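Place chain E on chain Z using the hints.
Chains Z and E supply the protein sequences, listed in that same order.
Just so we're aligned, residue 216 is where the first sequence starts under this note's numbering, counting upward by one.
Just so we're aligned, residue 1480 is where the second sequence starts under this note's numbering, counting upward by one.
If you are wondering where the hints come from, they were derived from the structure by calculation, not from laboratory data.
Treat the numbers as computed from the prediction; the structure is a model and nothing was measured.
Heads up, some of the hints might be wrong.
Unchecked claim - 20 Å max Cα-Cα, derived SDA-like pairs, lysine to any residue: (1) E:LYS1736 - Z:GLN401; (2) E:LYS1736 - E:ARG1801; (3) Z:LYS441 - E:GLY1706.
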Amino acid sequence: VSPGGLEDLARRAAEAATSAGAGEAEAWCEGGRSREVRVHGGEVESLTEASGRGIGIRAWIGTRSGYAYGTDLSDAGLDELAEAAAGAARVADEDESAAAPEPSGSAAEIPALHDQGVASTETAEVIELAKRVERAALDRDQRVTAVEEVVYVDEESSAAIATSRGVSGEFAASISYAFLQAMATQDSEVQTGLGFGVARSPRDLDPDRIGAEAGDESSSMLGATKPESRSCPVVLSDRVAASFAGFVGGALSADDVQRGRSPFADRLGDEVASAELRLADDGTDPGGLASAPFDGEGTPRGRTPLLGDGRLLAYLHDSYTARRGGARSTGNAARASYRSPPSVSPSNLMIEPGDLDLAGLLERAGEGVYITEVAGLHSGVNPVTGRYSVGATGRAIRGGRLAEPLREFTIAGDLLSTLAGVQAVGSEARWVPFGGSVHSAPILVGEMAIGGS
Amino acid sequence: VDLVDRDVAAGVLQRALSRGGDFAELFCEARHGFGLSIDESRVEMPQSGSERGAGIRVIDGEVTRFAHVDGLAEEDLLRAADGLASALSGEAAEPVELRATAPPELQEIEVEPESVPAERKAEVLRELDERARSAGSEVAQASASYSEGRRRVAVFNSDGLQASDDRTRVRLGVQVVARRDGAVETGFETLGEHRGFELLEGDPARIADQAARKAITLLGADPAPAGEMTVVVGKGFGGVLFHEMTGHGLEADAVQKGASVYAKRMGEKVAEPLLNAYDDGTMAHEWGTGAIDDEGTPSQKTAVIQDGRLTSYLYDGLRARRDATESTGNGRRASFRDLPIPRMTNTYIEPGDADPEEIIAEVDRGFYAVSFGGGQVEPATGDFVFGVSEGYLIEGGRVTSPCRGATLIGNCLQALARIDAVGSDFQMKTGFCGKAGQTAPVGTGQGHVRIRGMTVGGTVT
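Chain Z with its partners taken away, still in its complex shape (with noise of 0.2 Å):
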């Protein structure tokens, strides 16, 4: 797609939507292309090319609200889709709160969202940096004995924004990572362990550190029981961080506080965390993946402080919220592609990085436990209620020390005391593609429920 193309097209289909009886419209339209390879034992398994591009409309009828998305741009598709729109508008009922975004200010600057490095590698060049990812785990210890899949994709995207309001805007990005689960066996007993690495180009990816952190982890697992059920200090890793804050970032959501669905509902400006954790919502910082010039709505992204001082400072909004809240957007509308509307969710969560390294919180904490990775996510964690149930893999801290690996076991409580039972937070940060895209570090908490055997 030629520059301005996009636009132009979302141009086009406001205009379609409004000639279909709206009385304003949005269009938001996506194109890209992607690679992704995927490598087994030292071969190829499958290699993906694609390229794609569609469009959203979001249509207003007074105060009523509907979306119609379609991958069909020529002048009939946008037609028919502004005429989905609009018919859509008319099922919704009336919410005052409803209506286009308004021009807001100009778009944020952020250098370098989209690196050449992706169209510039070759396709050969990207296999054999995903077969050094493999090689790296099993060359790391003996007893990784295999890699599932190294996974690679990249991808180069534009997206653009038209509104009837005269919103207007187009920005590109390309994204590259890689990903992989290591298999370590002893015995009979196998064990599992993640890297990954994500950037702006293939040439930013360190494959020897991506394929080592998943050997290490595989193997460093092996031999683990079940620990006691119990409760005891914490130190969650960086990925385990990560899944938290974007826990916590959903529930600062606006949307869900003003519907009375978070634990941070009529919280403002109180005391909700310990003072050792600081947060804030950063769409502009070059380095997060969430970055962009404006959000889904073409608000400008910023960066908004959410928890400091031990305080609640702020709810992320998008037009709607703001509205409805008589506050500002914070740029929070978010897209998960032009086949969805934009709703209001975390851009980069970054966690502000403490003084003490990991040794330094394992040997604050003393004894307890050193959670890598929890499961079940989606099924154990209540954003409505703030409690949680998960599952989770470690290593037990001992004498201040890593010590035996343990797996099989939970962890539980509610957010807002886990929050409150922050006592640091690590001075190793970096990006973590789970829970969002976070600028994540290890946190240490004071107690926390185990449940084992």
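Chain E only, in chain Z's frame:
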């Protein structure tokens, strides 16, 4: 109307194999969906979507090359086929002439959801909303959603296969939030089938009562216990337990990589002789049902455990060829943008002969998991976890107080071997299963099942 002309498909397959390859396939799809929700008693954001497109793959030795395109225009399909062929450099292979087999029987759809005015769908949601709100003074909020989807698919391959399917699914979901004295609880219930709008005849709003009852019951709940105990799993969505702890480990991709605890155990005893289980894509109107899978293989009923012995893995075409066996009709894909992988359809434990009340009465101290929010398994290690959405203590053979915040965890082989009672009751429920980034509608089912010794993860130690 056919999605693509047979001659066009034949031309695409020929071009895909023009520089060699063992197998080529063209998968075409047209999908349409509509959904809307109600929240705060207001019908919100009705949305519709339509897409059509195709996925083409060429298998050469062990390597699969895949391309997908939006739209079904002949020139786009040919360009994608040429792109795949360009990576090879062998002699052209000649596809077998396409022959349409007798079309498998489709599920009967009495009322096409698309033919029903959207306003009628909004009315169903208003009924659900009212029913939920009138279920008790504790009900603070209710929200519900309606969705319909239709997928028409056509598969053509170089072995001469030509097959098609037309799948319509309708689903309702309702969530209730109840509050009392500062306590907050939620209840969720669904109704869904591979069926037309006639699914919602009768009293679909009963699921609002059920969701409200769950939420209100939980208001009186104590924190769940933590520790190992006997667990009785409820009928219906309790079947997600078997889905996670056995079904995923039987999918042949995990098995062939040694990433399943069920690998190399074919024919072995993995459970007590009272256990029989199936994957069955032919069950009338169930959520995971289809006439064919997404490779054109007719759906079938596969016995996976017979009298406690492992009897079959679940295969797609690629993995079946590797094991020199036949596909079991489990090659499914989320859309034309995805490669087929072995997936469950409707997976269930066959009803046994135990009286469900007896199953509980024989437990002195245990946990009754009526329903789950979902679950997850790591097939390579067999470790699984389930979030319990409705659970109770069992004391002295009786179901006593409700518990909140419970999770069940365990290891597949151990837990499967510890099933010591299977109830004579039976129910199927709908679910969405995620694997390798693809979501598939699946059915899960069972009667009451008892497991001797499982870890309950709660907050009370």
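Hints, verified against the model:
no., hint, result
1, E:LYS1736 - Z:GLN401, "holds, 17 Å"
2, E:LYS1736 - E:ARG1801, "holds, 11 Å"
3, Z:LYS441 - E:GLY1706, "holds, 11 Å"
The structure agrees with every numbered hint stated previously.
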